[in-house]
Structures are given as structure tokens and as C-alpha cells.
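So the sequence lines, in the order shown, correspond to chains L and Z. Residue 19 is where the first sequence starts when you use this note's numbering, and the numbers rise one by one after that. Residue 19 is where the second sequence starts when you use this note's numbering, and the numbers rise one by one after that.
A portion of the hints provided could be inaccurate.
One copy or two, either will do: identical chains are not told apart, so a pair holds if it fits within one copy or between any two.
Derived lysine to any residue pairs resembling SDA-like cross-links, with alpha carbons at most 20 Å apart [to be verified]:
1. K241 / T288
2. K134 / T29
3. K134 / G296
4. K241 / Y306
5. K241 / L162
6. K134 / G122
7. K134 / P99
8. K241 / D259
9. K241 / T132
10. K134 / G32
Keep in mind the hints are simulated off the structure, nothing from the lab.
Each chain, letter by letter, is given below.
There are 2 protein chains.
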Amino acid sequence: MTDGRVQPPSTLLGPGDDAAVVAAPDGRVVASTDVLVEGVHFRLDWSTPEQVGRKSVAVNLADVVAMGAVPTAVLVGLACPPGTPVAVAEGLMAGMWEEARLAGAGVVGGDMVTAKELVISVTALGHLDGLDPVTRSGARQGDLLAYCGRLGWAAAGLAVLGRGFRSPVAVVGAQRVPEPPYAAGAQAARAGATSMIDISDGLLADLGHVAEASGVGLDVRSKSLEVHQRLLDVASALGADPLHWMLTGGEDHALAATFPGAEAVPEGWTVIGSVVAGPGVTVDGRPYEGAAGWEHWRRD
Amino acid sequence: MTDGRVQPPSTLLGPGDDAAVVAAPDGRVVASTDVLVEGVHFRLDWSTPEQVGRKSVAVNLADVVAMGAVPTAVLVGLACPPGTPVAVAEGLMAGMWEEARLAGAGVVGGDMVTAKELVISVTALGHLDGLDPVTRSGARQGDLLAYCGRLGWAAAGLAVLGRGFRSPVAVVGAQRVPEPPYAAGAQAARAGATSMIDISDGLLADLGHVAEASGVGLDVRSKSLEVHQRLLDVASALGADPLHWMLTGGEDHALAATFPGAEAVPEGWTVIGSVVAGPGVTVDGRPYEGAAGWEHWRRD
Numbered sequence: 019m020t021d022g023r024v025q026p027p028s029t030l031l032g033p034g035d036d037a038a039v040v041a042a043p044d045g046r047v048v049a050s051t052d053v054l055v056e057g058v059h060f061r062l063d064w065s066t067p068e069q070v071g072r073k074s075v076a077v078n079l080a081d082v083v084a085m086g087a088v089p090t091a092v093l094v095g096l097a098c099p100p101g102t103p104v105a106v107a108e109g110l111m112a113g114m115w116e117e118a119r120l121a122g123a124g125v126v127g128g129d130m131v132t133a134k135e136l137v138i139s140v141t142a143l144g145h146l147d148g149l150d151p152v153t154r155s156g157a158r159q160g161d162l163l164a165y166c167g168r169l170g171w172a173a174a175g176l177a178v179l180g181r182g183f184r185s186p187v188a189v190v191g192a193q194r195v196p197e198p199p200y201a202a203g204a205q206a207a208r209a210g211a212t213s214m215i216d217i218s219d220g221l222l223a224d225l226g227h228v229a230e231a232s233g234v235g236l237d238v239r240s241k242s243l244e245v246h247q248r249l250l251d252v253a254s255a256l257g258a259d260p261l262h263w264m265l266t267g268g269e270d271h272a273l274a275a276t277f278p279g280a281e282a283v284p285e286g287w288t289v290i291g292s293v294v295a296g297p298g299v300t301v302d303g304r305p306y307e308g309a310a311g312w313e314h315w316r317r318d
Numbered sequence: 019m020t021d022g023r024v025q026p027p028s029t030l031l032g033p034g035d036d037a038a039v040v041a042a043p044d045g046r047v048v049a050s051t052d053v054l055v056e057g058v059h060f061r062l063d064w065s066t067p068e069q070v071g072r073k074s075v076a077v078n079l080a081d082v083v084a085m086g087a088v089p090t091a092v093l094v095g096l097a098c099p100p101g102t103p104v105a106v107a108e109g110l111m112a113g114m115w116e117e118a119r120l121a122g123a124g125v126v127g128g129d130m131v132t133a134k135e136l137v138i139s140v141t142a143l144g145h146l147d148g149l150d151p152v153t154r155s156g157a158r159q160g161d162l163l164a165y166c167g168r169l170g171w172a173a174a175g176l177a178v179l180g181r182g183f184r185s186p187v188a189v190v191g192a193q194r195v196p197e198p199p200y201a202a203g204a205q206a207a208r209a210g211a212t213s214m215i216d217i218s219d220g221l222l223a224d225l226g227h228v229a230e231a232s233g234v235g236l237d238v239r240s241k242s243l244e245v246h247q248r249l250l251d252v253a254s255a256l257g258a259d260p261l262h263w264m265l266t267g268g269e270d271h272a273l274a275a276t277f278p279g280a281e282a283v284p285e286g287w288t289v290i291g292s293v294v295a296g297p298g299v300t301v302d303g304r305p306y307e308g309a310a311g312w313e314h315w316r317r318d
């Protein structure tokens, strides 16, 4: 699985022995595992094997990055039906290598077995560069809330694919392969982020985990969520609400973090709200009521 | 998944956030992933969920230990059919925790998803305590070959189960839950082992990997393989050859290693041969010809 692929310097011993050895320069390793199942987390009629491979690695690396870590390695467990074409398995692996490379990580180990359906389990590793991990529990009242990455693009892509279309490519591509901001996690940690999370289930849903873990509330200012023209176009064509996608759409794997003040918010991050007394997550000071509620609010 | 379970000191941040943080005291982490599928790697009509959980962790930790590492943590990806009883999932997790505990490791992360069949992916982590990893490629002509752990027990158990019996418990239990010698890997590394491997597929098969990676031959002295009375009894009852089980039976997860001399072989390890010019693996200087060949040889 390593032919022609180059390991980064953090791979001290790559695949081929009983186990790999990966650098953990400050004496700690950050680790996370996610499992993706065909038909649940991806569809091979919607995505190429390469895209599925990229996605499976991206969603795992995003978890490591959300602790403030620098990605170092991924390990892959692949369960394939007996009739899986070799090209599919090779495409999956090629996509995994490519996505790991984008994040500066290596594919250091794997196991392939036969099963009834395609199941991909990825473990991602990273290092903290001497800093404390940025957990979900450190948000303090008065902190600013910011995000980095994309919001709503994968949801827009899902809406497009769900209606049988294959374009526009930009949003469909975002659904097939998320683009987590790999460098932004460590950037936020260095800047003094007080809490951070990977947006996998939707901005409001994942902010709910931060609010709960930190014992605070989070208020999103809707006006600060700038809707990209592309999302406006797609939403207009489908009769959908693009802000709803940004607030509730999952699978983009942006990062949301809280910072102790405006001067701490790094370049590339957008302030979208603040930490309040709580509990819970609000939009413009009120509970978000979904698309209908949103429509109502927009007419105010 | 952590209720009432205690993390070891190496777990710096346990489950519940985007990722866990695990100690890697010498700046390196050893990592390995294995996937187990129901009906292929385990059977829930032969084993309890607890036993399957223990086995899935044991086979992974054995890979980490075979590098000379001290186990620190496991991460678990679990794909379960929708109708899986809660008790089965709880039993699996209880077994995983128990086996990790036996090895001194914690269960630091996991992901549970729905799938058509039960697929368990485990990633095991460990640290090297400042020593070089012991790979498959360091065996040198003249080294002694030794093993630690059990050989042939799981194969005997499989033979018993395959004929519909449930006893003797000792060998059936060995099939259900291997007992890798968790401390013996680091022990061998400290003693100066030149190569090491986890015996998962059978002694001769796995020694073949060492011979190939090291560019040497390995000769097993059959007389040094002491057959336990329990294996003799089972073999006698089934009309099988216990030495064949020891030479070719998999799933016991003993360790085999080479040492530069008799004085280097640690307590608890049994010398069973030596490193020769090669190539390949021989038994008493000759290629092993399976059960038939073995019978022939035994009549010499």
C-alpha cells in the first residue's frame, strides 16, 4: 500500500512490520477513530473511490486538528466485500494517501479484511507542539466565537445530489470531499483559543457540545455569517435557505473556537458571535427554530 | 463507554472530546490497526461478547508489544447491525476494557456506527521506553531463536470447537481469548532482541516473515518444543498431531524473537532454534511438510 508514496519525517517506521512508529515530539499523541459505512456515510454512486478515501481521512484528521494538534499519521482498517474490484480498493487508498499528504501526515498502517459491505475505519494521530490540547470545555463568558473553514457547502451539495443533479461542482465537491482547515487548529491553539470543536454535525449542533462542556451559552450573530454567492445561487435554484445550511448543515468539518478577545482571533477566522451566560446555543439571542423560524426572522 | 472504568496514567485526556491525548514519554508512539469481522475472526455462537471484545483488543496489543513497546491505549471502531442487543455492545466494550486493563492500557476513544454485520476495528498504541523498535529485519546468522507465550493452544481449541465440543475449557478458552505475553515484548527489547514478531498466523508462517525481512534462515529444533500435557491429551482424543498445532496453529499471539546469545535470552522465553544462512524456515534442518511430513519425521 506504500508503492510510490512518500512518508513525512514524522513517520519513523512505516507500514510492513507488526506496527508503525510515529514521532510524538512533545511526549504526547492526539488520537481519534471514526468509522464510515457505505450507504450511511458515503455512496459509491455519488463519489469516486478516491473521493471516499479522501473523505474518510479528512473527517478523522479534522478531529485531531480540533484539539489544536498538527496531524502526523493515519491508520486504516478496511473491510471490503469479496467482489470489490481492485481498482476500488486502490482508489480508496490513493485518496487516503492524497488527503493525508495535504495535511502533512503519512498512512502508516492498515488492515484489509473481507466483509459483507464496505466499512472504513480510520485512526488519525497528531502532536500538540508543546501546547495544551484545546478541549470543548474551556469557553468562558465574554469570549468571542469564531470559525474557520466552510459552513453549509456540504449541505448544499447534499441537496443538489439528493435531487439527482451533479452540479454545481463546487458544492457537490464539498459534499464528496470536505476541506478541513488543517493548519487552523494549531494556529488557534497558539493564539490562545479557549475551546474548539470540529463542525461535523452542523454549527448549532456542535456548538451545543461546547456550550454544555463549558457550562456556558453561545450566541451566533446571524448577520456575521456571510453567505457565499455560490450558496445563494444554489439555494435560489432549489428554493432553500442558505443560512439554514450554514447553521445546521454538517460534513464540512470547519472549526469553531472561542477566543479571549478580538486581538486573539487569528487571520482566516471569522468572528460570528460570543460566549454568553447560557445555557444553550442561540441565534441573535433567540433559540433557532429551523427553516420556518428562520424565514420568519428574515422578514423582520 | 467509560462508566466506572479507570484510565491508566498514560491517558492524559480520555474519551469525550474530539480526540484523546495519550502519553508518548520518549517522543515516539507505536501504532497498529486490526479489523475483525463476525464469522471470519470470531463467532458469537462460540464466544461471549466479552470474549470477542477481549480478543479484538488482544490481537492488536500483541502487534504493539511485538515491536518491544509498552501498551498505552486502544481506540475502537465498532460497526453493529441495527438489531444488535445493547447487552452485546456492552459486553464487547466490557471485554475491551478488561483486556486493555490487563495490558496496562486505556480505552481512550471510539466510534459506533450501524452496519450490516459486526465489524470491530481496533487501533493499539504503545511507547518504546527510549529503546529502538524491534523489527522483523534484524535477525543475524548465529542468533538464537526463542518464543514466549503459548503455541498451538488456540489451534487445539479450534479443532475442539469445530467438532462441536465445548471442552476442555483450557484450549477452548485459548481459542476464544488469546493471552499475549504483554510484558515480554519490552523485556525482550531491553535484553537486546535483534528481531521480533507476533505469532498470529502460526509459528512457521510468521517466522517466514522474519527470515525474509532479515535475509536469513530460521531453523526450529523440534525437540525443544515441549508439548504441554493438555495439548497431548486433546490431540490424542481427536487423533491430531500436537506438534503440528504448535508449528502451524495461529491465533495464540505468542512472541518469537531472536537474541544474540544464550545469556541474552530473558527468563520466561524458551530457545527453540537458531538463525542460519537460509533462506526460509526449516524444522530440524529440513522444510516442514505438514502433518504428513511430521508423522513421517516422528517415526525416524
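Here is what the structure says about each hint:
Proximity of K241 to T288 under the C-alpha cut-off of 20 Å is restricted to the intra-copy arrangement: shortest distance 12 Å within a copy versus 72 Å between copies. In this homomeric assembly, K134 and T29 never come within 20 Å of each other (Cα to Cα): the closest approach is 33 Å inside a single copy and 35 Å across copies. In this homomeric assembly, K134 and G296 never come within 20 Å of each other (Cα to Cα): the closest approach is 46 Å inside a single copy and 41 Å across copies. Proximity of K241 and Y306 under a CA criterion of 20 Å is satisfied intra-copy only: 14 Å inside one chain copy versus 76 Å between copies.
In the homo-oligomer, the alpha carbons of K241 and L162 lie at most 20 Å apart inside one protomer (15 Å), although the nearest pairing across protomers, at 73 Å, exceeds that limit. In this assembly of identical chains, the alpha carbons of K134 and G122 never lie at most 20 Å apart, being 33 Å within a copy and 34 Å across copies at closest. With identical chains, the CA atoms of K134 and P99 are at most 20 Å apart both within one copy (5 Å) and between copies (12 Å). In this assembly of identical chains, the alpha carbons of K241 and D259 lie at most 20 Å apart only when taken from the same copy (14 Å versus 77 Å across copies).
When the C-alpha separation of K241 and T132 is checked against a cutoff of 20 Å, the pair qualifies neither within a copy, at 50 Å, nor between copies, at 38 Å. Proximity of K134 and G32 under a CA criterion of 20 Å is satisfied in neither setting, with 29 Å inside one chain copy and 32 Å between copies.
Of the numbered hints stated above, those contradicted by the structure are hints 2, 3, 6, 9 and 10, listed in ascending order.
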